[in-house]
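Starting from the known structure of chain F, arrange chain G on it as the hints suggest.
One line per chain: the protein sequences are F and G, in this order.
No gaps in the numbering here: position 58 of the first sequence is 58 in this note's numbering, and each next residue is one more.
No gaps in the numbering here: position 4 of the second sequence is 487 in this note's numbering, and each next residue is one more.
Don't read these hints as lab results, they were simulated from the structure.
Watch out, some of these pointers could steer you wrong.
[What the hints assert, rightly or not] Derived list of chain F stretches under chain G, where covered just means 3 residues or more per stretch with a C-beta under 8 Å from a C-beta of chain G: (1) 147 to 156; (2) 164 to 173; (3) 183 to 193.
[To be verified] Pulled from the structure, derived: some chain G residues nowhere near chain F, Cβ distances all over 12 Å: (4) Ile551; (5) Gly623; (6) Ile648.
Please read all numbers here as calculations on a predicted model, not as lab measurements.
No residue lacks a Cβ here, since even glycine has one placed at the ideal position from N, Cα and C.
Listed below are the residues making up each chain.
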Amino acid sequence: MTPLLVVLGVPAGAAIVLAFISQWRLAAWLNVAASAATFAAAATLFVAERPEPGHLLLVDDFNIYLIALTAFVALTTAVFSASYIAHEVRRRRLTPRLLRFYHAMYQAFIGSMLMALSADNLGLMWVAVEGATLSTALMVSLYRTPAAIEAAWKYFILCGVGIALALFGTMLMYLAAQPALGEGMAAVTWSTLMAHAADFDPALLNVAFVFLLVGYGTKVGLAPFHAWLPDAHAEGPTPISAVLSGLLLNVALYAVLRFKMLLAANPQALAPGPLMIGMGLLSLSLAALMLYRRRDIKRLFAYSSIEHMGIAAFAFGMGGPLANFAGLLHMTMHSLVKAAIFFTVGHVSQVKGTQRIADISGLTTSHPALGWSLVAGVVAIAGLPPFGVFTSEFLVVSSTFARQPLLALPVAVGLLVGFGALLLRLHQLAFGPPSPNARVGGRTVPTLSLLPIWLHLALALVAGIYLPAPLVAWFQSVARLLG
Amino acid sequence: MTDLAFDVAHLLGALVLTLSFALLYQRRLTTAINVVAMQAATLAAAAAWQAVTRDSPHLFATAAIALIFKAAAVPLLLHWLIRRLNISGTVEPVFGVTLTMGLGVGITGLAILLVLPITAGETLLLREDLAFALAVTLIGPLLMIARRNAVIQVVGFMSMENGLILAAVGVKGMPLVVEASVAFSVMIATFIFGVFFFHIRERFDSLDVSRLEEMQGERHG
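So here's chain F without its partners, still in its complex pose:
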């Protein structure tokens, strides 16, 4: 049995088993165990023989690191989730019956994201992205509050329309490829599509890409299709916010990039860059301005995710080895740091019993470990050295400046505006006289649940100071693939 089948099989099996386990403590630890097994199998992908392409599944240089990253963040989030839900049960916000559903859906969601990443088939990838949408929409509504229901409905409708447009784009892609590859599966298989992209009909390819960019771009959270994202992040359980921001947005961006590779391989097709640059800049500027008016702590960091996805889309739109390298690094760093921030924010909203920024202050005094973790996380995501986000953002700006100085200006302004907003909020949250704690469980945070935060931040720190040479070589080879 190949490791890839284990990577896909464990979450699927765990989802079924967890649906029948009503003991929530046991379920939480089984969730961690299943995620650990998935991650172990994903790690062996690096050494194992890669499957023959053309059999629905594909492992190449591009997706292998996203598979490993997804499995890793899924594992750390599962550890965080175990302590988060224990607290929520104590506060009586979640019942054991809902938790059975939650754990099953968590694994189903992770499984479908891994499926979308490893699919060698446009149709399979589409179905997997749809599965990821459905499983998260159900989890966003977990608290059953009116706001959570509204968030889930908005997510359903907007991403439903996005998914449908992506399918239309997929059909046009098939039409473009069919004269060169003949009828049947070959014309919807990545590995054959990549090899023959130069022979496709350029006009059809262009229109297909626009539909795919709008469709999957909705899921990336690119403006102007981002309306679902802040609500879904703010109203759902915090572990879900962490995997939405850290993983799902990457998966959707991965889908867009795969299609961009097809266009890049066809000399007559439209250059996809300007479209992505435009959407990226719009997302960055809009989100940076919106950061100032956020009063809800989770919503604040959701807007920051839109900002960072905009930066990544912009980098890939610029193209070329250096900008693509920066984009890949940025996706990775954002996953690690943003997930760590959501873990912290989850604990903060639990110990303070509120998500309102105005009601939270002086965290470094009342909860030093948590407060300083938040400081480190926000410093990292705001793009300050020595964290990895600084490296990738610096690369994006400097490579843009070397080629298109005028375009570098709005990027730099957007980054600075967002930076200001985050530091302003951080000052309020972390310093000053401490605000009162929540009545239930407001005093301490278990050290075990702080470990995932520190692990993520340490990785981002290491990447900011020293990127190992093999990793650099490998990002470079993927960056070349992306065109």
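Frame of chain F; chain G shown alone:
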């Protein structure tokens, strides 16, 4: 392809589009559900006709899914749902019928202008089917925007999906058509499950989504 085969396929495709326009001016929830059921039945006929004329039996499965699930089961479920949740019969559009219909005509024009030039190398049937299908696919979201009502939004999504399946059966040799219609059916089922499970009516006395948006005032930004 014989003339008859072409004419019938063309007629069925045009009928699906006409029913999309019929959806745009419905005010009553029950009628809207019936119209989208008719659209699904027409789609089933179109898929079955393609299965016969092109000798591709897997399209019969697509036709069966459209007929059993979308033309019968889902509409019955929606009728049961609005009786059960006791939702009143009419929905006021957000903007007027004339404007909505005008936008629908505009979308159809755009779809034709977009699809015909880029598919110059394909058969005439495919090109026209694809133009109709794109128009239906884009009129679905228009309906969802024009009526802020959760049931109508499900209806709009179903109509959008009818357009996509119409495109898929028209494209020769398109793989995974059956799988795509199954995946969409799951999605629609989840939507309806959502409306029911969230008890939107019990909490808000209405399925009017704009009521949900009033909540935003009380939230923290």
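Point to revise | Distal placement of Ile648/G relative to chain F, Cβ over 12 Å | key: 10 Å, violated
Review point. Going by Cβ atoms, does Ile551/G stay more than 12 Å from chain F at every point?
Key: At about 21 Å from chain F, Ile551/G clears the 12 Å cut-off, so the statement holds.
**Study point:** Claimed coverage, the segment 183 to 193 of chain F by chain G - three or more beta carbons nearer than 8 Å
**Key:** Since three or more residues must qualify, the claim that chain G covers the segment 183 to 193 of chain F holds, with 5 doing so at under 8 Å.
Review point. Gly623/G: least C-beta distance to chain F exceeds 12 Å?
Key: 8 Å, violated
Exercise for review: Examine the segment 164 to 173 of chain F for residues whose CB is less than 8 Å from any CB of chain G, and state whether their number is three or more.
Suggested key: Since three or more residues must qualify, the claim that chain G covers the segment 164 to 173 of chain F holds, with 5 doing so at under 8 Å.
Point to revise | Outcome, coverage hint (the segment 147 to 156 of chain F, chain G; C-beta under 8 Å; three residues) | key: Satisfied; 6 residues make the cut.
Figure legend: structure checked against the earlier numbered hints; hints not met, in rising order: 5 and 6.
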